[in-house]
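S.K.: The primary structure of each chain is shown beneath.
4 protein chains.
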Amino acid sequence: MPVLVAAGAEFEVSRPFAGLTIGFRLHIEPKTAVLIEALVAGGAQIIAMGNEGTTQFGTVEVLTQDATTAGSCEILDRPGDGPSETAANLRRIAATKPDLVLDNGAELIAACLAGGHRPVGATEETTSGAFRLREEHAGNVSFPVIVINDSPLKSIVENKHGVGESVVDTVVRVTNMSLHKKRIAVFGYGWCGRGIALYARQRGADVVVVEIDPIKALEAAMDGFDVAGTSQVTDTADVVITATGRPDVVNLATIQQLPDGALLVNAGHDDNEIDIRGLELVAPGSELSPSLKRHDLPSGAEIFSIADGRIVNLAAVGGNGNPIEAMDLGLTLQARSLAALVDTGSDLAAGPQPVPDVINDNVATAMLQSMGQMGRTYRT
Amino acid sequence: MPVLVAAGAEFEVSRPFAGLTIGFRLHIEPKTAVLIEALVAGGAQIIAMGNEGTTQFGTVEVLTQDATTAGSCEILDRPGDGPSETAANLRRIAATKPDLVLDNGAELIAACLAGGHRPVGATEETTSGAFRLREEHAGNVSFPVIVINDSPLKSIVENKHGVGESVVDTVVRVTNMSLHKKRIAVFGYGWCGRGIALYARQRGADVVVVEIDPIKALEAAMDGFDVAGTSQVTDTADVVITATGRPDVVNLATIQQLPDGALLVNAGHDDNEIDIRGLELVAPGSELSPSLKRHDLPSGAEIFSIADGRIVNLAAVGGNGNPIEAMDLGLTLQARSLAALVDTGSDLAAGPQPVPDVINDNVATAMLQSMGQMGRTYRT
Amino acid sequence: MPVLVAAGAEFEVSRPFAGLTIGFRLHIEPKTAVLIEALVAGGAQIIAMGNEGTTQFGTVEVLTQDATTAGSCEILDRPGDGPSETAANLRRIAATKPDLVLDNGAELIAACLAGGHRPVGATEETTSGAFRLREEHAGNVSFPVIVINDSPLKSIVENKHGVGESVVDTVVRVTNMSLHKKRIAVFGYGWCGRGIALYARQRGADVVVVEIDPIKALEAAMDGFDVAGTSQVTDTADVVITATGRPDVVNLATIQQLPDGALLVNAGHDDNEIDIRGLELVAPGSELSPSLKRHDLPSGAEIFSIADGRIVNLAAVGGNGNPIEAMDLGLTLQARSLAALVDTGSDLAAGPQPVPDVINDNVATAMLQSMGQMGRTYRT
Amino acid sequence: MPVLVAAGAEFEVSRPFAGLTIGFRLHIEPKTAVLIEALVAGGAQIIAMGNEGTTQFGTVEVLTQDATTAGSCEILDRPGDGPSETAANLRRIAATKPDLVLDNGAELIAACLAGGHRPVGATEETTSGAFRLREEHAGNVSFPVIVINDSPLKSIVENKHGVGESVVDTVVRVTNMSLHKKRIAVFGYGWCGRGIALYARQRGADVVVVEIDPIKALEAAMDGFDVAGTSQVTDTADVVITATGRPDVVNLATIQQLPDGALLVNAGHDDNEIDIRGLELVAPGSELSPSLKRHDLPSGAEIFSIADGRIVNLAAVGGNGNPIEAMDLGLTLQARSLAALVDTGSDLAAGPQPVPDVINDNVATAMLQSMGQMGRTYRT
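Chains as they are written, first to last, in the numbering used here: chain C, 1 to 380; chain R, 1001 to 1380; chain W, 2001 to 2380; chain F, 3001 to 3380.
No lab work stands behind these hints: they were computed from the structure. These numbers come from a predicted model, not from an experiment. Incorrect hints may appear among the rest.
As a list, the in silico DMTMM-like pairs of lysine to aspartate or glutamate whose alpha-carbon atoms are at most 20 Å apart [claimed, not checked]:
#1 216(C) to 1150(R)
#2 3216(F) to 2287(W)
#3 216(C) to 1357(R)
#4 1097(R) to 1061(R)
#5 97(C) to 85(C)
#6 1216(R) to 150(C)
#7 2216(W) to 3287(F)
#8 216(C) to 1361(R)
#9 3216(F) to 2343(W)
#10 1216(R) to 357(C)
#11 1031(R) to 1012(R)
#12 2216(W) to 3150(F)
#13 2216(W) to 3275(F)
#14 1216(R) to 85(C)
Here are the simulated distance ranges between beta carbons [to be verified]:
#15 2002(W) to 343(C): 53 to 63 Å
#16 2056(W) to 1229(R): 37 to 47 Å
#17 3357(F) to 2354(W): 21 to 31 Å
The C-beta atom is built at its ideal place from N, Cα and C for all residues, glycine as well.
Next up, chain C with everything else stripped away, as it sits in the complex:
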């Protein structure tokens, strides 16, 4: 993760977090450990917890024993923690009145607000967390909250290329199927859908895009994809992939119209874009491999599903998640946004807001350089 490591090296000199505490709430695993190291290098004292059930305790051990982080980073998670421990840990971090909060889902910010604490500022990883702050805590958030996921860098690097590529990879990996001339219906032509459609075509698939926004649909057609309505693809799709952010896009009636052998895949964040629960009621899945199920419809058709309709590149066994380069980008946005919150020059308004332009530009430039661009020598 060269971009994040470079940020950490810079922080070691500039010490933006000297004397400050950070309440940290993000999956704790080797990659986020690099983020913690960068923040500690910048002078931060960290009190941290992961999302429930995702903490890797080997990483915790490294962070709490390593000389550079040991005295500066406390991690509250314990093996076997359940909902009540999670709630207690959120309250416990809020009670330390951290100067800054790094959040993932807005629960730690909510705990601070509930405890009457107003940090100097916060970062929030998710769009849905930001939405919750605007809906449930409107008027209450008197400090800036930088929403990482809305950065245009994440749309391009993580959603289009990172997610798009890894979703298609995971389908191939789980099925060992060639996609050549397979008809793949991609529901949704947002950033993830654009990437899924692109990488499926790169493997020889015939992609048809289903998209209710006519402007995006026209973009898909100009990009060379077929465009159709749901009813036009259901009797011919070999593979259905959803990436819409909406529930019940592929409902049971649609599933029942699919041809024999069709495969159901969801790439959206929630597991409700395809009605796998409804399908399970009429045709319980039998497991063919850890992430692949076959459903025998009453009609006689066999329908296959991956990972029970959960987000395929993360939930499927063998799903490769996002490439390390996309993680490097996202965590560097986190690190630099935290620094901006305590930089008097930033002059940030209160409430949820996008990553400042200057940070997007800075991180984009650093990532370009890590890709060998902007300093390349050309042929003579």
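Dock chains R, W and F against chain C, hints included.
M.R.: Only chains R, W and F this time, still in chain C's reference frame:
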């Protein structure tokens, strides 16, 4: 132009312009004649003039003699008209106090304002015309002005795919050069630059993008292009293409660093992105073919230029302009925007504004259908 | 033409043709003039004629007046020459008993044989000329004849990329049509067809390949194209392009099944792949532009044709022929093959034969270097 | 495997192997079991053994217990078999004097020849097995041996698209690395190299091809890839992938010139294209994950290797081998070639020979149909 013709057929029934006059200022040639026919079918009485020197009088003759348009369309242009006649015609149209104005450069709207006339509403083709209204006539534009060129449809269909493809085509056409493994430096990764880079790569070129916005530069890199600064490309580029919208992007010093044989091409609207004037002073071009010049630099290097640095796909002999499908789209946006201005349901604010979403959606859907999408039968 | 010019520079030192005469029969225009210059630089005395009606007399004037070629190159063509002058010129060259023959269609070789002359060796540009030698003059050709067109370099550089790209370019140029989502049926998946299919897809077209050889058809499918039989494409193709080398591939019955608005294009050498003559009988074409005709079928459908079904990239007005790089390659193969015929080390058998491997390798390497490959400096 | 299953269904009717025995020597696993079932359906009595150490005994159990194959298929392998049992089994099958032999490496054919048995005919999976027959048993092979791997179908479907895609997939899977703008040096532009280069580019890599044959090198350049010599890529390659079929293409001296962090990958059949053994001597690998090693060079540079330089898509943990469609193709070629050997109409010569055209055509057509081609209904 099936999309515009369909709009005209609809207007013939709905008659949105019945009893209304339209002051019309747009190039008058066979394609815009179809727009005039659609407006007349909708009940409009039109008084028209083209942009100076672009009027095709064969088209004028057809429009003024054809039974369907003859009585409903007056065209003021006469062969040989110069600046003074143009100014007089603008005043003359303004003096008729048209109910609606269709403008291209905001001069007709300015003439109306100067004459104290406030139309019900107007459309303006160009972004620069809209800019002028905001700068020079701020507070004065008490009626809605729909700016066609800002429509996301135009960005995708016309700028990226229409302009991008035709710029690359024109370079090949003028030079009869294969682009395989030619190193092409594309300055600017806006919509036009994205298309130019894409279509040059489709022909086997090695494209390097020069872009000062780091976010767009990162997008270019993720799209697979090399990204570099000006100084890194100047000693190796076989072809330089500018599409930045800024002056002096490739100045004389840069031109003098280019390798022997380099070709200069501008795809931006104005002819000042590459300093051809400066080049002419030190190395006057000798014409090799109507649009291709060779400049012998004092250093001994030969530099080639197309169309004196004017917008290549329009200005070069053999330049194919935009494909007819892009024209169909743009003129339909014009027609439907004019109808929206007199539709009481539209409820438009005063001043320059983007094309209403409902029109973008409507035109996008019509164009998809004209492309054979959304109603296609798939294999069984 | 850097590769041919480099060969000429080499010849100027090695003088392979010193004291030898070459009977030359090839289109005489600026590019072949560079070939003549290279041969003269190598010491040759040339007596030349073009193919009937293709000679450019401006080029003749340059060659016969320029100091370097004036005394070494006689050109027999005169403006207005017809079949009888052509036959006389062939006999006249044969009567000079040239040491080497460069032929294009095998007529000059045939004239030599008829006159009892056996040159040291010959080159023949075309596959059909070689075929004629094998059929009509079998056993009679006691000297080596190197057949240029069978070189694998020509298949790749000229047929796939040169012809493929220029055929698609010419269709766009003549029609100013966008190919996005147009359904294009490509008949034949040989080298030309592969290129046409590829470059049409690069412009956004939906390509369906019609190919009777199942292995090539499978290759097309693995390359991502749809594959179908004639009867499956005729009611839906927007554009039909033939590149099969066979007559009557698209016959009148097929044409009559095409949808309204379909466009007929031939990319094969002969003008009989599409039965335009039959079409003319039932629906005479009216000219829309110099190379574009509209045929009104009795059924009411309009069918369009380009260049009367002749080879589109050469015959259409605005067709760009092959890119200069493909010419450079082909003419260098000619020059080096002629040198090999008089190189005692070549040890060539009698009769028509492919370009020797060593020449293909040599020319391929030279062309790679002219493309900036093999000596490029990469980023550090 | 629809194509093989269809062949089996046809055999069930035509019974080409009725009364015949087949000596079978091929990996025994679920996919080859489908081949055994097809042969048994055609009337064959089979005596089989796998390649050493690859037999899956679950599959053996199914085949020996299933009603359709139980009485017609004897499998000699036992868990724990070593070289001496393998040799004994080869002799044992040869001693049964099978009418037909299906071989993989020519050892069973050699055992027949050694035992004085001449079968009616044989198939041999590998090119190297065919080579051995020509070298070591020349003049001795008095019966036809159809060499499956030389079929042009395998070049396209298996080598280019199957191997090419799965090699790149495996690199991504083992490293979780994004290939965007990574510089990947592909050694060899044969069928596998063509596919590797293509699929690496589809993932955003900058591919440079190293190829000693100038004609293939020129093809690579025309396909848009950079082309260079070994010395030009060694100081910049992020990833090196070999697919040449030659030993020591990347030797220790080359490895030592690679930049810090470079990754070594072999896609060739043998594990000697990259000198991993030499690398191990100077920089023993430490295992980072089951298939990924890091080598710390004395110079301080870190070099990574996958699967110790063995064929990556088969040998790496998580390598996905070939897609099932490529297996379907190859095994159907086996089945139909065996039937051709006993079809009196085939009239095959003695000795190793390619798959008959009629079989290639037949299997290509069947595969096209299984891909939904040739019978597709197009939009109206």
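S.K.: Quick one: which hint numbers does this structure break? Sort them smallest to largest.
M.R.: Failing hints, ascending: 2, 4, 7, 9, 13, 14.
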